[in-house]
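Q: Residue numbers (the numbering used here), protein chains in the order written: chain A, 1 to 369; chain V, 1 to 257; chain F, 1 to 273.
Don't read these hints as lab results, they were simulated from the structure.
Just so we're clear, the structure is a prediction, and the values are computed from it rather than from any experiment.
A virtual CB, placed ideally from N, CA and C, is assigned to each residue, including glycine.
Among the hints, a few may not be true.
To be verified - If you anchor each label on the Cβ, the simulated ranges turn out as follows:
| # | chain 1 | residue 1 | chain 2 | residue 2 | range |
| --- | --- | --- | --- | --- | --- |
| 1 | A | Gln177 | F | Arg122 | 48 to 58 Å |
| 2 | F | Arg164 | V | Phe18 | 18 to 28 Å |
| 3 | F | Ile45 | A | Pro104 | 42 to 52 Å |
| 4 | F | Ile21 | A | Asp289 | 41 to 51 Å |
| 5 | F | Pro99 | A | Gln53 | 27 to 37 Å |
| 6 | F | Leu32 | A | Asp83 | 45 to 55 Å |
So the chains spell out like this:
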Amino acid sequence: MNRKILISIIAIVAVVVVAAAVLASGVLNPPADNNVVKYVNIAPKDQAAAIQQGTVDGGVSWEPYVSDSVIAGTGHSVLDSGDYWPNHPCCVIAMDKDWAAANPDVAARFLKAHIEATEWIVQTLEEPGSENYTLLMQLGATFSNRDAAVVENATQHMGMVYGIDDQSREYFKNYTQAYMDLGLVTESKLSDNGYSSIDDFVSKYVNTAYLDAAADVQPTTEMTTVRIGYLAGDLHQFARVVASSNEVFADDDPYAGMSMFEKYGINVQTPQPGGYAAGGNVMDAFNLDQIDVGYLGSPPAIMRHLQNGIPTEIVALVNTEGSAIIVKDGINSIADLGGKTIASPGESSIQYLLLRSVADEYGLKVQMG
Amino acid sequence: MDGDEMSILSFKDVWKVFPQDKTELVAVKEFNLEVEDREFICILGPSGCGKTTLLRMIAGLESISRGSIELNGKAIQGPGSDRGMVFQDFGLFPWRTVVKNIEFGLEIRGISPQEREKTSQKYVDLVGLKGFERSHPNELSGGMKQRVGIARALANDPAILLMDEPFGALDAQTRNQMQKELLRIWQETKKTIIFITHSVDEAVFLADRVVVMTSRPGTVRTIHNIDLPRPRDRASQDFINLRKTILDELEQQRQGV
Amino acid sequence: MTEKERSGLWWEAFRREGVKIALTVVSLTAFLLIWWGFSIYLDSIGLRYLPSPDEVYNAFIISAIDGDPFTQLPLINHIVASLNRFVWGFALALAVALPIGLLMGASKYSRYLGMPVTEIMRPIPPLALAGFFFAAFGVLYGPIITVFYGVFFPVLYNVMFGVRSVDPILMDAARTQGASRLQLFSKVILPFTVPYLMTGITIGLGIGWMVIVAAEWIAAPGGGVGALILSTYTNGAYQYMFVGIISVAILGILTTSLSRVLESKVSQWMGMK
Numbered sequence: 001m002n003r004k005i006l007i008s009i010i011a012i013v014a015v016v017v018v019a020a021a022v023l024a025s026g027v028l029n030p031p032a033d034n035n036v037v038k039y040v041n042i043a044p045k046d047q048a049a050a051i052q053q054g055t056v057d058g059g060v061s062w063e064p065y066v067s068d069s070v071i072a073g074t075g076h077s078v079l080d081s082g083d084y085w086p087n088h089p090c091c092v093i094a095m096d097k098d099w100a101a102a103n104p105d106v107a108a109r110f111l112k113a114h115i116e117a118t119e120w121i122v123q124t125l126e127e128p129g130s131e132n133y134t135l136l137m138q139l140g141a142t143f144s145n146r147d148a149a150v151v152e153n154a155t156q157h158m159g160m161v162y163g164i165d166d167q168s169r170e171y172f173k174n175y176t177q178a179y180m181d182l183g184l185v186t187e188s189k190l191s192d193n194g195y196s197s198i199d200d201f202v203s204k205y206v207n208t209a210y211l212d213a214a215a216d217v218q219p220t221t222e223m224t225t226v227r228i229g230y231l232a233g234d235l236h237q238f239a240r241v242v243a244s245s246n247e248v249f250a251d252d253d254p255y256a257g258m259s260m261f262e263k264y265g266i267n268v269q270t271p272q273p274g275g276y277a278a279g280g281n282v283m284d285a286f287n288l289d290q291i292d293v294g295y296l297g298s299p300p301a302i303m304r305h306l307q308n309g310i311p312t313e314i315v316a317l318v319n320t321e322g323s324a325i326i327v328k329d330g331i332n333s334i335a336d337l338g339g340k341t342i343a344s345p346g347e348s349s350i351q352y353l354l355l356r357s358v359a360d361e362y363g364l365k366v367q368m369g
Numbered sequence: 001m002d003g004d005e006m007s008i009l010s011f012k013d014v015w016k017v018f019p020q021d022k023t024e025l026v027a028v029k030e031f032n033l034e035v036e037d038r039e040f041i042c043i044l045g046p047s048g049c050g051k052t053t054l055l056r057m058i059a060g061l062e063s064i065s066r067g068s069i070e071l072n073g074k075a076i077q078g079p080g081s082d083r084g085m086v087f088q089d090f091g092l093f094p095w096r097t098v099v100k101n102i103e104f105g106l107e108i109r110g111i112s113p114q115e116r117e118k119t120s121q122k123y124v125d126l127v128g129l130k131g132f133e134r135s136h137p138n139e140l141s142g143g144m145k146q147r148v149g150i151a152r153a154l155a156n157d158p159a160i161l162l163m164d165e166p167f168g169a170l171d172a173q174t175r176n177q178m179q180k181e182l183l184r185i186w187q188e189t190k191k192t193i194i195f196i197t198h199s200v201d202e203a204v205f206l207a208d209r210v211v212v213m214t215s216r217p218g219t220v221r222t223i224h225n226i227d228l229p230r231p232r233d234r235a236s237q238d239f240i241n242l243r244k245t246i247l248d249e250l251e252q253q254r255q256g257v
Numbered sequence: 001m002t003e004k005e006r007s008g009l010w011w012e013a014f015r016r017e018g019v020k021i022a023l024t025v026v027s028l029t030a031f032l033l034i035w036w037g038f039s040i041y042l043d044s045i046g047l048r049y050l051p052s053p054d055e056v057y058n059a060f061i062i063s064a065i066d067g068d069p070f071t072q073l074p075l076i077n078h079i080v081a082s083l084n085r086f087v088w089g090f091a092l093a094l095a096v097a098l099p100i101g102l103l104m105g106a107s108k109y110s111r112y113l114g115m116p117v118t119e120i121m122r123p124i125p126p127l128a129l130a131g132f133f134f135a136a137f138g139v140l141y142g143p144i145i146t147v148f149y150g151v152f153f154p155v156l157y158n159v160m161f162g163v164r165s166v167d168p169i170l171m172d173a174a175r176t177q178g179a180s181r182l183q184l185f186s187k188v189i190l191p192f193t194v195p196y197l198m199t200g201i202t203i204g205l206g207i208g209w210m211v212i213v214a215a216e217w218i219a220a221p222g223g224g225v226g227a228l229i230l231s232t233y234t235n236g237a238y239q240y241m242f243v244g245i246i247s248v249a250i251l252g253i254l255t256t257s258l259s260r261v262l263e264s265k266v267s268q269w270m271g272m273k
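Required output: the full structure, derived from the provided sequences and hints.
A: What follows is the structure in structure tokens.
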């Protein structure tokens, strides 16, 4: 009987070890296919480490993590999003549709602060060496937990833009079309949400009325609390960082010690301190009525609005461009990505959509691997 | 005792002292006894008199503080297969079948499987467990478990069998039956037996000699030769007289006389 | 026993089993219908997070054949990837915890040496460390180490407890039979500990499954059911998310019932039930 137990234990251990060996040897996994780009979901802040460890051959991410890898020398860019989609809108401000309709003046005041912050950044970037410039780099470094050098590099690879023009609308249509072409959003979702076509959807989902109204907004002492969501460590949303900072006004300025949001009577509240991991999470926060205003990539806003009917609308741009595919040495073109593994922030990100769209153009399939 | 009978086990001024926090607890003191070959000795005494400690010293499970116990002229140093022990709570290995329990000591000694099987079968037959070879202890009654215990102790063919209140956990009827069985086995195997009990009736029924111990520190108080012929009749006047003598002695002892 | 009595008994047994089966069917059907009704109701008031059973079924078919549209990886690849991590983490935990548990159970000094550390580490939920493991061991080994951590302590403590629970009479019995220290260990302590080990394994399997899904949220090269759930969740593709959830449920039920059967079989073999 003792022997029987011993044999059973040995048998179990043997089965476990053999099963593990079989699984690990990849017998059940298809061999590397040169027509497939494999991707792994890794948060952008961890991508540089993953490339260094050799777990992945590259990563697609946003600023400052693109500049982080480039400056650290762990990788080089094989594609800047601006080269593929020139001037493409990236992050946007989305608002809870019902909340904005009920508080149009608050929405306009919020956007006025956003406009002022964006203009302040654009102007400051033109004055390297100035006091404001140092402050800007400092704010970016603190927020993203990266060196000022990384922040400086990042600012050179993206546009700080708030206005939505026809070109932006064309891009929103392209994103929507891409989602449908790739099968990520079914076409029936348009009619499910009451849209007759992609043109109809974009014309209704993008609402510039509050942005137009913001032009006439004056500073106010009346304070209104607005709950916002944003992405963790995402420098695309630099304007939010600046608008929230109480250091930007000079000492002789009547608003010294206040933030731009406060100047226009906006008391910002963040239900998720430190920010959300991905745009999809910001949309979830809208769905759960935890936030009134959200900073997120336009693709996840479009995707989740169509997918789950979350009642939101895009009211302003935050930045353009600013994403890239970073790869390690030896990879020099998109075609080289076949059979390689790339880190991605998640399927609801503009970076994933960029990777899928580019790969599709080169006849490569993108698959988790 | 006849002087020409060989002494197999001898206790020479045996002491057992347990160190306590600040003092010492003397469990056994000045214990002297000569045990003859094939003799059946019962050791009787009030609880806590050190009789179990004494048995564990013979088994080598307890060290001897002073003096010595010699088996066939050799001082006992530790446990060994030349002494078989039977426990009150059986001490059977629950994951082993009856035969595997009996074969345990043979396995330890590296006896071949064929040899082991032959030996264990012999003892299965001896203790009357035929048909239960493949059973596990938890499938057996208390009496049957102790039969396995006895067979296991005998399987090593020890010089001496040490039994620590082996029937203490059994009901009265099974107990009487097991006593008869033990006498039969003793007669068939011709072993020397040291049997611990606190039942005067059991001691008188089984033993050649009954050793009555004093209460702690335990030592030999009196030794009674039981010259009754076997099988013994519990209802006979001689049996009753002997039992009364020993019971009175224990009673006196309890009253501190 | 007459023919009539026998058929009566048979009828009794059938009725008992029949009632059980009928109630099981009723329970599952009711569950499915309530789910379905609830999803239709939520959809009608504009909340679209609960997909209906037929949407999940369709998503399941697509996931099984071509893979869901997001990860593009067939369901079986996700399952194999998760199992792979799970088995490695589990085997590693077993291989390390068993000898350490035996040692700490058998030797007072190694227990004094080991306990302060294990007592500090044991209450830390594995997921609290998942990020650290990812950073320290990389995306490949991070989730495996997380599973390892979850399985390690139940196995260690059960084995240690098993060794310390060894009946002293059994040790005495073996010693009087002439067993050496090594033989005491291999023939008494080790077999005595097996049922305790099995209990540790059953608990460890349960924790392992909880841990693997969340560990794959951090990073999961080669996919994984946890990665599937996260990807489809952030995209609001809930029908695919439920495919992942149901897969985990089925795998969890399979592994824990397998270990339960094994546990009871082992104690039965060993006569220790």
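Q: Look at each hint and say if it fits the structure.
A: Going through the hints against the structure:
Between Gln177 (chain A) and Arg122 (chain F) the C-beta distance comes to about 54 Å, which sits within the given range of 48 to 58 Å. Range check, Arg164 (chain F) to Phe18 (chain V): about 23 Å between beta-carbon atoms, so the 18 to 28 Å window is met. Here the CB-CB span from Ile45 (chain F) to Pro104 (chain A) is close to 26 Å, at odds with the stated 42 to 52 Å. For the hinted restraint 41 to 51 Å between Ile21 (chain F) and Asp289 (chain A), the CB-CB distance of approximately 45 Å keeps it satisfied.
Look at Pro99 (chain F) against Gln53 (chain A): about 30 Å separates their beta carbons, and that is inside 27 to 37 Å. One distance hint, 45 to 55 Å for the beta-carbon pair Leu32 (chain F) and Asp83 (chain A), holds here, with the actual separation near 51 Å.
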